[in-house]
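Student: If you read the sequences in order, they're chains D and Y.
Sequential numbering of the first sequence, starting at 1, is according to this note's numbering.
Sequential numbering of the second sequence, starting at 460, is according to this note's numbering.
These are calculated hints, taken from the structure and not from any lab test.
Just to be clear, a hint being listed does not mean it is correct.
Unchecked claim - Now the in silico label distances, taken between C-beta atoms and shown as ranges:
{"#": "1", "chain 1": "D", "residue 1": "N186", "chain 2": "Y", "residue 2": "K476", "range": "23 to 31 Å"}
{"#": "2", "chain 1": "Y", "residue 1": "K464", "chain 2": "D", "residue 2": "F133", "range": "51 to 59 Å"}
{"#": "3", "chain 1": "Y", "residue 1": "C480", "chain 2": "D", "residue 2": "A49", "range": "51 to 59 Å"}
{"#": "4", "chain 1": "Y", "residue 1": "K464", "chain 2": "D", "residue 2": "E439", "range": "48 to 56 Å"}
As the list claims (entries may be wrong) - Straight-line Cα separation of at most 25 Å, BS3-like style, residue types lysine-lysine; simulated pairs:
{"#": "5", "chain 1": "D", "residue 1": "K181", "chain 2": "Y", "residue 2": "K504"}
{"#": "6", "chain 1": "D", "residue 1": "K6", "chain 2": "Y", "residue 2": "K464"}
{"#": "7", "chain 1": "Y", "residue 1": "K504", "chain 2": "D", "residue 2": "K87"}
{"#": "8", "chain 1": "D", "residue 1": "K323", "chain 2": "Y", "residue 2": "K464"}
As the list claims (entries may be wrong) - Here chain D is said to cover these stretches of chain Y; the calculated rule only asks that three of the stretch's residues, wherever they fall, bring their Cβ under 8 Å from a Cβ of chain D:
{"#": "9", "segment": "460–467"}
{"#": "10", "segment": "470–478"}
Virtual Cβ for every residue (Gly too), placed ideally from N, Cα, C.
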Amino acid sequence: MVHQYKLNGYNIVLDTCSGSIHVVDEVAYDMIELFHDRTEDELVSEMMAKYGHREDVTEEELRFCIEDIHTLTEAGKLFTPDTFEDKAGTFKARSGNVIKALCLHVAHTCNLNCDYCFASQGKYHGERAVMSFEVGKRALDFLIENSGTRRNLEVDFFGGEPLMNWDVVKQLVEYARSVEKQHNKNFRFTLTTNGVLIDDDVIDFANREMSNVVLSLDGRKEIHDLKRVDHAGKGSYDKIVPKFQKLVESRGGANYYMRGTFTHANPDFTKDIFHMLDLGFKELSMEPVVCAPDDPAALTPEDLEIVKEQYEILAKEMIKRGKEGRGFTFYHYMIDLTDGPCVYKRISGCGSGTEYMAVTPWGDLYPCHQFVGEEEYKLGDIWNGVTNDALRDDFRSCNAYSREECKTCWAKLYCSGGCAANAYHASGSIRGIYEPGCELFRKRMECAIMIKAAEDMDD
Amino acid sequence: MERIKTLNTRDLCESAKNGGCGECQTSCQSACKTSCGVANQKCEK
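Use the sequences and the hints to build the structure in full.
Tutor: Below, the structure is given as structure tokens:
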């Protein structure tokens, strides 16, 4: 499958199955588009009629371009047939029942009261609770026991607000470090926090032990304070920004993400990104809100058009600032073209419900953090393991080819079939489609690839 | 090639032969937590 698009003056041709990316001029762009619908003579005539007035376009030269298209096709870089579909369903089965990543819900409670929170202010539609050290320790043992030969194990301390159970977080990290070598494992910890309780102890420990910290900031003060308020309704911006700045500076400005959520209140979210840059943050992520369509915070169809324009604005600004030596990172525009994931990963996705699970404060297992609180999605618990095999099999069978809509989508090897939780929330089924999410995802990928094209063409 | 510049990319068909070690990062863990993108994950091999 080939996907062609024009963006920011670049004509881009993606060969989906090989992963090849071609930046072409408008003549080659048209020729590739028509290549299988015309004879070569027809193609030459048509191009001469359209571009023959140009000095660089001659019949002989057009035939050279046709040869180039043949050469790329024979080299497996253009019009590559899809040979993955038949095997796609077997990729996850290869891993057996290996689990390599857990999202530990160490605190189902929060010191903020953000009404857009998908976790319903940290409670996940249940009771407030914190995880005990014993439950957390058992979760880590469960991960080690079920990780097979995988060496790198990931644990995210999540909530609610994990710093409300900070002593247990520290004890769990210390426990994991004390046992990882004997099991030939390497724990990678991450922490996702709203920042309210960050102090020097948190900063020192996080900088020593957390391979990544995800810091929640929505951008401009008036936007951030609209949603991210304490239980008295007071905005948290003034309290957390200096703490985030101190933490990031002491980490050497690396291995963190400033993560914001944008809603109906700020579809013009690049203003919030630029505000984060003004505050000195350079590793940025900004996500569309996840909520019911009738929620006042939900993005409307009109908002989606604005958001797509914003992604283009952001991409252009990123190129510009990069050239000026003021580069920054936007999570969704990070694509590693040469050393990125293999096709197994691209087809299999995030591993929710199979390699990746969430653990509640009382030790129940769910396919991921976004399913916690949905009782029918309980997989089992950390003492008895996965007992709902049918549910695990259902998640195992989700991949880039398991939905009809994905089979004809050029972006499937960039999203792996999309987020199961988004699909569930939008359609009631993990095999459904969250079309607005797909639309934004495709736009982000087009922008991300355009940035790579721009960087390459400038070299 | 005069009109076509091909960027340097990992050949996905080739990666089917030697990929699948499973050591790379779980994509949702790193920052987003609410969407699924895999292209930004670095290969650990």
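Student: Tell me, in ascending order, the numbers of any earlier hints that this structure violates.
Tutor: 4
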